[in-house]
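What the sequence shown shows, in our numbering, is residues 1378 to 1672, in sequence order.
The set of hints was computed from the structure by calculation and includes no laboratory data. Glycine is no exception: its CB is placed at the ideal position from the N, C-alpha and C atoms. Take the hints with a grain of salt, since some may be wrong.
[What the hints assert, rightly or not] In silico EDC-like links for lysine to aspartate or glutamate, alpha-carbon gap of 16 Å or less:
# : residue 1 : residue 2
1 : Lys1474   : Asp1393
2 : Lys1379   : Asp1393
3 : Lys1614   : Asp1586
[As the list claims (entries may be wrong)] Restraint-style ranges between C-beta atoms, simulated for each label pair:
#  : residue 1 : residue 2 : range
4  : Leu1598   : Ser1428   : 28 to 36 Å
5  : Ser1428   : Gly1496   : 39 to 47 Å
6  : Thr1603   : Leu1435   : 22 to 30 Å
7  : Glu1625   : Val1391   : 38 to 46 Å
8  : Phe1450   : Leu1626   : 50 to 58 Å
9  : Val1391   : Leu1582   : 41 to 49 Å
10 : Gln1465   : Ala1617   : 31 to 39 Å
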Amino acid sequence: MKQFYVENTEHVKVNDLRSLRIFYSSIIGKNAVLVYQHLFDLNDIYDVNYSHLLSNTLKMLSINEQEFIEARFKLEALSLLKTYEDEQNNVYFVLQKPLNANEISNSHFLESLICKNIGSDKYGDLLKQTAEFSFNKKPLKNVSKRYFDVFSEKNEVENFEGQKDFEICDEKTWKQTLSSEKYIEYKLQSKITIKLQNLIDKLRLMKFDDFSINCFLHYSLSVNKTIVSKYVEKIAKDFAHKNLFNAELIDNELNGVLEVKNINKNLDYNKDDNKILPTYNYEESDLVGELDWEN
């Protein structure tokens, strides 16, 4: 392994790191805690498509490759990390949430490991300080009032539509109303680059309006997590080849393809979790063939 990527789809947060340090450190050791926190920081700082060099990580953590591998195996063994590889031997790390105090108290296996290392008294003390307690509601009777116990059934619920002085926009509204430049800035939260401006100009010369262009951009973002210029251009050329320029029809067709992709992804995921690889890091040079975007 020379380089790797980090993903945090489980939405691990800073508070989860406290649980890792308090309860897991005695089991996995300081190197594994250090590696986990380092991967968390990399994901927090860099984009998910960013390629990290293992050599840089080893220098930053002051550990060797064997120590890194041992730490990784310990994290995987306790379901704190999932690791995937592609055919080019690139590694994809997916962070998993540590159990919190309440969840650990329901795991006999983890409790046993922790007590073995730090003692049951210390574990019990940590549990009391960090767990969330609630009173036992099983023997109690729920005496809460319902809506119609308090309010008359004759009370009419007024229609709120038309009374708002603001408008809640959905994705289609943004695609329909924003210029392609503004749409890119809205989606990427940054100023449009010269490369993307050139892409928009090229698509307009192909006689696509901004709504259609925004549909292409949205599709690329949905599939690749970013706007890949050659990918977008290839999709546009396919629609132009079919003489299809109506934005509503383009939007419907692309949404249909996305639905099929999501269904297939879910089917593959249910078949074998170990076969799923992240779909990011799309290389523009790999996009060949007129209908590759549909595959």
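Here is what the structure says about each hint:
At most 16 Å may separate the alpha-carbon atoms for a hinted pair to count; Lys1474 and Asp1393 meet this at roughly 7 Å. Proximity of Lys1379 to Asp1393 is assessed by CA-CA distance (about 28 Å); at most 16 Å being required, the pair is judged violated. Straight-line distance between C-alpha atoms of Lys1614 and Asp1586 comes to about 14 Å, which keeps the hinted pair within the 16 Å bound. Take Leu1598 and Ser1428: their Cβ atoms lie about 20 Å apart, and the range 28 to 36 Å is violated.
Distance hint check: the CB atoms of Ser1428 and Gly1496 are about 43 Å apart, consistent with the given range 39 to 47 Å. As the Cβ distance of Thr1603 to Leu1435 is approximately 28 Å, the hint placing it in 22 to 30 Å holds. A hinted range of 38 to 46 Å holds for the C-beta pair Glu1625 and Val1391, which are about 44 Å apart. The hinted range of 50 to 58 Å is satisfied by Phe1450 and Leu1626, whose Cβ atoms lie roughly 52 Å apart.
A beta carbon spacing of about 48 Å between Val1391 and Leu1582 agrees with the range 41 to 49 Å that was offered as a hint. Between Gln1465 and Ala1617 the CB atoms are about 33 Å apart, so this pair conforms to the stated range of 31 to 39 Å.
Consistency note: the structure conflicts with the earlier hints numbered 2, 4.
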